[in-house]
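For chain A, the structure is supplied; the task is to place chain B on it using the hints.
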Amino acid sequence: MKKASLLTLLVLVVSLIYKIHDINMNKDDGNWQTFTKKNESDTKVLHWESTKEELAEAKVENTTAQKRRPSSIPSMAQKVRMIAGREVTGDRNADAKGLKWVNSYNSKWQEKLGNLLLKFQEPDTKVLVKKNKSVIEIKNGKGRLMEHVTISYLLKGDDTTSFNAWVDSETGQMIRTWNKTIKEPVGHHHERLILTPTGTL
Amino acid sequence: MGKEIIKGIESPFKKRFFQSMICFGVAFSTLFLSSCVTDSANSKRSTSGASSNSPSSVGPGEGRVLQDNPIIASGNPNLGYDANLSLYLQRTPVKIEDGQFLNSQCGEQLSGLGKGLINDCVRTTQNENATQFNSPTSKWAFPVTSPEFLQVNTHYHINKRIDHFHNNVKSLYNLTWGFVDTPNSFSSYDTAMPKQIFDFNGHWKLGPDTQTLKAFSDCNLDNNAQYSPAKFQICLGSDAVFKDQVKFAQDDTVIYHELGHGIIDIMLNSRNKTANLPEGVSFGYFFYDEAGALGEGLADFISYVQELRTMFGEWALGRFNNAARPMSEREPIHVAGLAPNEDSRLMYPQYLNYDPNEPDSINEYVHQAGQIFSHFLVAIAEDFEDENVCKMDKQTAANYVMKIVMETLAELGDLNAKGGDTRTAGYINHSSDHAADWIRHVKPITYRQFMQVFSKYTMRIMGNPGFLLCNGGIYPQDRLEKLIDSYGLLLYRSYNEAGNSISSVRTNETQVTATNRLKSTLVPKDLLIFDPRENASKAFVFDRRSDIRNALESNPDITPSPIIDGELKFNNGNAKISPGEVVGLALNLYNNSNSTMAGIQVLANDWDHVKWEDTALSKPYKQGKFCNNFGDEFPIVAEGGADTSTEGGSTAGECKYITRQNGDETAEQLAPVCMVQINDTNATKWALQEELRAKLNLEADNCLGGANSPHDCFIRAIKGADSAWYSKMEPQKTWGNTMVGDTGNSPPFQFHNIIFFEVSPWIPPGTTFNCRFRTRFVNCEDCWEEKIGTKFDDYLDFEFSGGKPFKIINFQFTVID
Chain A
0 MKKASLLTLL VLVVSLIYKI HDINMNKDDG NWQTFTKKNE SDTKVLHWES
50 TKEELAEAKV ENTTAQKRRP SSIPSMAQKV RMIAGREVTG DRNADAKGLK
100 WVNSYNSKWQ EKLGNLLLKF QEPDTKVLVK KNKSVIEIKN GKGRLMEHVT
150 ISYLLKGDDT TSFNAWVDSE TGQMIRTWNK TIKEPVGHHH ERLILTPTGT
200 L
Chain B
0 MGKEIIKGIE SPFKKRFFQS MICFGVAFST LFLSSCVTDS ANSKRSTSGA
50 SSNSPSSVGP GEGRVLQDNP IIASGNPNLG YDANLSLYLQ RTPVKIEDGQ
100 FLNSQCGEQL SGLGKGLIND CVRTTQNENA TQFNSPTSKW AFPVTSPEFL
150 QVNTHYHINK RIDHFHNNVK SLYNLTWGFV DTPNSFSSYD TAMPKQIFDF
200 NGHWKLGPDT QTLKAFSDCN LDNNAQYSPA KFQICLGSDA VFKDQVKFAQ
250 DDTVIYHELG HGIIDIMLNS RNKTANLPEG VSFGYFFYDE AGALGEGLAD
300 FISYVQELRT MFGEWALGRF NNAARPMSER EPIHVAGLAP NEDSRLMYPQ
350 YLNYDPNEPD SINEYVHQAG QIFSHFLVAI AEDFEDENVC KMDKQTAANY
400 VMKIVMETLA ELGDLNAKGG DTRTAGYINH SSDHAADWIR HVKPITYRQF
450 MQVFSKYTMR IMGNPGFLLC NGGIYPQDRL EKLIDSYGLL LYRSYNEAGN
500 SISSVRTNET QVTATNRLKS TLVPKDLLIF DPRENASKAF VFDRRSDIRN
550 ALESNPDITP SPIIDGELKF NNGNAKISPG EVVGLALNLY NNSNSTMAGI
600 QVLANDWDHV KWEDTALSKP YKQGKFCNNF GDEFPIVAEG GADTSTEGGS
650 TAGECKYITR QNGDETAEQL APVCMVQIND TNATKWALQE ELRAKLNLEA
700 DNCLGGANSP HDCFIRAIKG ADSAWYSKME PQKTWGNTMV GDTGNSPPFQ
750 FHNIIFFEVS PWIPPGTTFN CRFRTRFVNC EDCWEEKIGT KFDDYLDFEF
800 SGGKPFKIIN FQFTVID
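These protein sequence lines are chains A and B, in that order. Here the first sequence stands for residues 0 to 200, where the numbers follow numbering that gives the first Met the number 0. Here the second sequence stands for residues 0 to 816, where the numbers follow numbering that gives the first Met the number 0.
Next comes chain A alone, as it looks inside the complex (with noise of 0.2 Å):
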């Protein structure tokens, strides 16, 4: 009886440890990433580090170049609780120990993420992805891993789409996304998507 608990005891533990090491393995913060596909005929989909050309299209900056301007007077520092490097949302004050995880993480999930943003996009399409943060997100007593993202699709001239997603760290599915930008097409005939039924039932 004591050797199965103290089994039970040292799976937990290696578990735990596991669990973090697998999360924390997510080193990737702060830089945007270019995703396009390879050709028209290929559906692969190329990656790299976002090059000058590619962030100024976007209207965006590299990160650097951010933490040089100075910073504004700090706010008072607000808690938070982190775990293995993740900030913990949802229910901040929740017992770790007795979590349940409903996903691990795949350090590919960037890759998943951007073959979903292109999947239905033209082949020259380029898309820029940028880690902001690593979350873990607790809600009745189950743990989910996630990334804070801001996308942003490079579309003619200085148009582009951008918004924020919450993504999932193993499928690199998009949870929830919000903060989509706000176009203001001039006058009456401006041009929009119109969709012409098929049929009816």
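Possibly wrong hints are sitting among the right ones.
Computed list of lysine-lysine pairs in DSS-like fashion (alpha-carbon distance at most 27 Å, straight line) [claimed, not checked]:
no.: 1; chain 1: B; residue 1: 242; chain 2: A; residue 2: 155
no.: 2; chain 1: B; residue 1: 568; chain 2: A; residue 2: 182
no.: 3; chain 1: A; residue 1: 118; chain 2: B; residue 2: 568
To give a feel for the contact side, a few chain A residues facing chain B, derived at Cβ under 7 Å [what the hints assert, rightly or not]:
no.: 4; residue: 155
no.: 5; residue: 173
no.: 6; residue: 175
no.: 7; residue: 186
Think of the hints as simulated: they come from the structure by calculation, not from any bench. Note that CB positions come from ideal geometry on N, CA and C, so glycine has one too.
Just chain B now, kept in the frame of chain A:
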């Protein structure tokens, strides 16, 4: 197109045109061809036009700008695209920046202790590719045709507006909590403003790396401008034809409007930022929804608060594109019959799709629908000014309206679901776990929701006997209700002060006086039905590959399941719902009442309509039967429906028990909208999709949502495209009839009118589904509130997880290859 003098634009400018002619007369009489100045304070008047606006003509830190847009500054409504705008510069230099770059600080005035100070507040450049230009002498006077001038003009107006905004935030704080540096323990009234707003920079933008507002004064955008909340950027474009001459950055009202979106963003998220939440909310999520319309109207009004004029965009939008927008019924650009009196207002929902520049057209567009709101905000500001009411000066009146708006937005946007420091969670937006979904579509911000909260804070501020702000008295509730009613917006019957949490006391709400509702119409939800006319179809289908591809391409935040083919090769355009397709559906709904319905919403998100069995199976594989105790009384027990005869209604999992935690309880779970018909040997029944999966022995990994989502294994609405909006339906008409009449033409469907479904390639052809949509509309009598005893009160937020506030519409179809 649109390059002529716009209809009706001459009259509103007659007065200013006169003034301008006098000004020119004086100028000619003195034989100077110099600037026609807009102020007389300057003793060093320049005499050399454009070339005079050089750095040497101003002191360090100073520059010259267009104080208003060129149409107003010139007094000439027909000003040409190639006009010499240097003639209309304000001669007296204004303060720009003391440094060498267009970088500004803001919030200095908020506190004596540096609270709320944003050091790197605004940074202006020409466009995204340009580096910031450097003025070594810190002098900011440049020729009006130069890119530098556009940057200076943009920077000046943005800072002026932000300064004004922060003054208003501070002034509201003084009213609620007292001094910023030594706030009182308790607020003077039940406020949404966070006590610690300045401690945590809640008066500025929420989000990562967005501390600095980036303003681009000359973007390569034709007839367009943008506000990007994710990057905290403003991008100002130019006229598509007179690209080199007519720049949006020359029109201060356009700058104020774009910045207005940023200010709305800040106000809406002020509680979220103060609480250090990483996620924010948006004011509108679709190309058309009422929150988006309110946002556009409010952004126009923010231009009014700065300029105190009731037209917006006369130069950048109006002069060459027929797209200026009025904010008062007295503007002659309006059609005949509109006037600023109680019988002639720009009423909801009549004028939702009205474009004063093209009054014969019908346009479902947030900029048009938002005009009702901007007109109302100006009207209430003018009521505060009225000699017989509050006797405020114009600027003070506009500022008080903004304070009420701030309170309203802070409450409505709260993701912690409290809406105020002293309230309990659940007061608004259900709960912190589900607030984002509530705001997005379960109970979104609409004209009704906004006006109800706005009314509450109007009475708490302007009607507060402790403040006596209204000429030594209080602003009367009756007067407020009558004004709101004159816009058709008195769509609620209580002020809902107790909020929507399950513990709220529901019998003590302040009631709207029923006799004040003369023009606002409330329609019973049961009058929204399928088109009953002979040969009418039940739904429009969109399954053409190119259309679906365009829709998904334009809405990249909507991502179908990984098992849907990237080339959409199953989309066959046969007007049927086929395996493997992404297919759009627009229900052909009909307004069976004698009044216009507005803000119609069709929801296809998961809801509580299944009775879950108490078996060993846990979520998400719980088993259950569909409830039939909603308005549709479907499916009956013999067809697989749940037996509710013995239910008491107090046990989680029952049909009569609506989940309090949106399905998070152990015994509860939300169910997808679509059920499947299963043919057993003995009977045909309606069942959860998991039952079909088990019957087919399909691996759960092959479900649309993977193994963790078995109940929408075969067909489901795509998240983010799972609700549809329609601006309005006229009496005894469908939305299509409302938009295009009875011409037989196809209505102009846009993405927001259509719910998009993904269909598994694993569905056996011939399988029949029933999707159980929840529908409602904004001016609905029984979609938002109910009578408790003798008083009306809003439904509690948890009830929106169920069917009671909705009209349930069932739509059946068979999947055909």
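Structure-based check of all given hints:
Among the hinted pairs, residue 242 of chain B with residue 155 of chain A is consistent with the structure: their alpha-carbon atoms are about 16 Å apart, no more than 27 Å. At roughly 32 Å between alpha-carbon atoms, residue 568 of chain B and residue 182 of chain A are farther apart than 27 Å, so this suggested pair is violated. With a CA separation close to 13 Å, the supplied pair residue 118 of chain A and residue 568 of chain B stays within the 27 Å bound. At its closest, the beta carbon of residue 155 of chain A sits 9 Å from a beta carbon of chain B; the interface hint therefore is violated under the 7 Å criterion.
Below 7 Å, beta-carbon pairs count as interface contacts, and residue 173 of chain A has one with chain B at about 6 Å; its hint therefore holds. The beta carbon of residue 175 of chain A comes within 6 Å of a beta carbon in chain B, closer than 7 Å, and the hint placing it at the interface holds. For residue 186 of chain A, the interface hint holds, since its Cβ comes within 7 Å of a Cβ in chain B; the closest pair sits about 4 Å apart.
In summary, the structure is inconsistent with hints 2 and 4 from the numbered list given earlier, while agreeing with the others.
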